[in-house]
Amino acid sequence: MTAILEARGLTKAYGSVRVLEDVDFDLQDGEAHVVIGPNGAGKTTLFRCLSGETRINGGTIRFAGEDVSGLTGAQRVKRGIGRTFQVARIFPSMSAFENLIVAIETRERTHQGLRFTFGYIAPRRAVVAEAERLVTELGLEDTVDDVAGTLSHGDKKRLELAMCLALKPRLLMLDEPTAGMSPSDRAEAVRLITRVRDSYGLSLLLTEHDMEVVFGLATRLTVLHHGEIIASGQPEAVRADPRVREVYLGQH
Amino acid sequence: MYDIGMTVFNGLAWAMATFLVAAGLTLIFGILHILNFAHGGFFMIGAYVSYSIMLGFGGGLPLWLYLVRAMAAGVVVGLLGWVVDKLVFRRLRDVEDAYSLIATYALLLICGGAVTLIWGLNYMGVMPPPALNSVIFLGDMFMPTYTIFIIFCGVAAFVGLELFISKTRTGRLIRVVAADPWMAQLLGLNVKRIYLVTVIVSFAMAGAAGGLLMPNQSLSPELGGIFLLQAFGVVILGGMGSIRGAFVAAIVLGLIESFGTYFFPQYPGIFFLLALGVILLLRPEGIMGKEQTA
Amino acid sequence: MIDYRARFRSNLAIAACGLAAFAVVPFVANSGLMFLAGLVAINIVFGMSWNLLFSGAGLLSFGHAMFFGGGAYAMALVSLHWPGLPFLLGLAIGAGAGALIALVFGVIALRRASGVYFAVLTLVFSELIHLVITKTTFLGRNDGLVGIPRPTIETGLFTLDLTSATAYYYFIVVAMACAAFALWCFQNSPAGRLIQAIRQDNLRTAFLGTSIFGWQLTAFVLSGALAAFCGAVMVPFTQIASPEIAYWTVSTQPILFTLLGGAGNFWGPAVGAILFGAIDYGTRAMHGLSEITVGTLLLLVVLLIPGGLLGFLQHRRQKKRRKPTEPAPKRTEAQP
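Protein chains in written order, with the working numbering: chain A, 1 to 252; chain B, 1001 to 1294; chain C, 2001 to 2336.
Hints are computed from structural coordinates only; laboratory data are not their basis. One thing to keep in mind: the hints can contain errors.
Okay, the calculated beta carbon distance ranges per label pair [said to hold, decoys possible]:
1. C:2137 <-> B:1168: 36 to 42 Å
2. B:1083 <-> C:2312: 37 to 43 Å
3. C:2312 <-> A:200: 32 to 38 Å
4. A:21 <-> C:2319: 43 to 49 Å
5. C:2155 <-> B:1124: 15 to 21 Å
6. B:1082 <-> A:75: 36 to 42 Å
7. C:2312 <-> B:1090: 18 to 24 Å
8. C:2007 <-> B:1099: 24 to 30 Å
9. A:139 <-> C:2203: 22 to 28 Å
Using N, Cα and C, we set each Cβ at its ideal position, and we do this for glycine too.
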């Protein structure tokens, strides 16, 4: 396996507060890599740095061999990094279906040229067909015509996942994909994520709180604590690591 | 030497006249986070009200009566502020910024319409009171006493407002609400009342400014718009409702404007706009505004 | 799923009704009213150009007069100094002037400011342009440029004589219909949907891989070009380009139209502009009354029905339609 995402010496500070300190992070092609850690450990910041939502203060990030440290989030998306947000971000006044249409059309816009801006008064058949396929694949049939802002929490997350899949990413970053879900919804979400990972051949990077979800999904586990990586490896090995136990069980 | 002195003097005159209008505007912007288009309208109403009072007295007022008249205009407009807060501003809390900006523009329209209906479309000229209608020579610089008076008023308004905000109980409460209305509510402060006080003070200042500045202008229903843009510039450049910032911004813009007009007399009014545009582009958060984080 | 084609057809039907109404005006009204109707037609598209920014891209412009005035002055200059130039080319130059102003301003301002600050920057820029016009001899200073001729269009096959007010009125109606159609196509194209999306959640659109700045700039330039086109079309009608059309009160006109009619609806600015024209005409005898009426209406709209007139009607209709199938849930009698 080769590393699809490599971060070296990643440093991020907000004002004088250093949230990430010289972090080295690798993500192998095809793995489902979960980052865990107590609140305030820097998971979200790591996520934001890797996805390009925020600028890093030091270090380099390489994606598929290319240095993407200086690229914006949008430019990284074009190179194949998709991401979701802790609180699902969708277009609330559009219908769920239109959300998908926008995502698909946006992916295709570079091939469309000027036709993108004036050419069609309705989405093209191929786009609609693709959106319909995503709807079935993610089980959104009951809610496609609803205004996205009125969807339930879980449906919003699924819709966001579908929009990200429409971009055909190589690496998908999921920020707390099951936050705020009931246990049964969580199990369902784990099955869904595993399924799309297999069918799309995705590499995954996740942060997650719920341990069942973590061990249900992870092929590799990294523990972040006070902005530093204290353990990384096979889930079972990390679980047994004494430093991790110390952090989580608080035996100082 | 003469030229520089005169140019600075003119710049200060511009700055203080503008600050008189902007002071109330910046107060509402800082506390209610509403950029009040209608401020210019109520400034104009203040000018017209004091004009009407003057007609009642028959002109040629002594200085103290002239001041009383401006205060009376302030009181009238302050009362209007009370009405406006009850009817409009109170309902703008949960409205998008864009919509509240447009709502205050609607108020400005109503003000302009009301002034036209009541006082008509004609221009009306007003002379300064006799006590201020002279010129002081300093070396070979001549300074109209009225202009000196306006500069004095501007400084007095600044000092007064600063003292009000920092030294009085109400002022401190206003600051608390401005910093964190949610926390203020939690502490049991009557936030609504403090908003109301802010609006009344701000409107009263607009009205009084109208009464004070009236002799410099020819009154017409367009008066609101002329000062409004200058005051807007000062408030925005001063940062989010910072009174000190507005004061500094007024002086900076006033000096730029008067020096610009000195070198290019054919383009009055342009340099203030140019400077405002450039400074805003360099520092969108204004002179005293906070640096954005991340 | 949304039936896009049906939506297109119903909008086409609305447009046809509107066109028919404008077409009969010269037959039923005097020349004064026809003049007003021509201005209303221009105002409709002017309002729509503003709404493309406001509802489309989520940008509040208080400076649309700079585009409108820019287009008008460009047209006036072209027709006074190059009378031989084809009229339609003049219109294109007018629209191009607006696009250019929008591009220059947008490149600088869109990166630096947002929200209220952006609005004030547009106001400042537009006032700057107004002031430059009033101080420039070339542009006629405070008097403006007068005596602008109405054109004749040579098509090669036949000559279209637009020198009479009525003929030019029809030209306005056709030109505005074309402009509105182009705008509709843009707003309902993939790009239009994308710009909508940016307004609703700009972070999400960034993480769909698009440049927010680029698309907002596109919307800004298109809006500026369209507003300038309106200004350019108006000039031969009124036969004067005066500095007032670049004054900031003109910038607030499309805001009035759009919000009165309903910002959420493509036809909102049209309804608003017609309503505004009617109020202006109805209260023309009494100075100040029209401002008070319009101001009060606008205030009511903002405070009570943010969807504007059309939003209000739509809401009522939906309520009525829902009634027979699913009655509103009864309030529980016993409150804890």
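Query raised in the report: What hint numbers does the structure not satisfy?
Result: Per hint list: 1, 2, 3, 4, 5, 6 violated.
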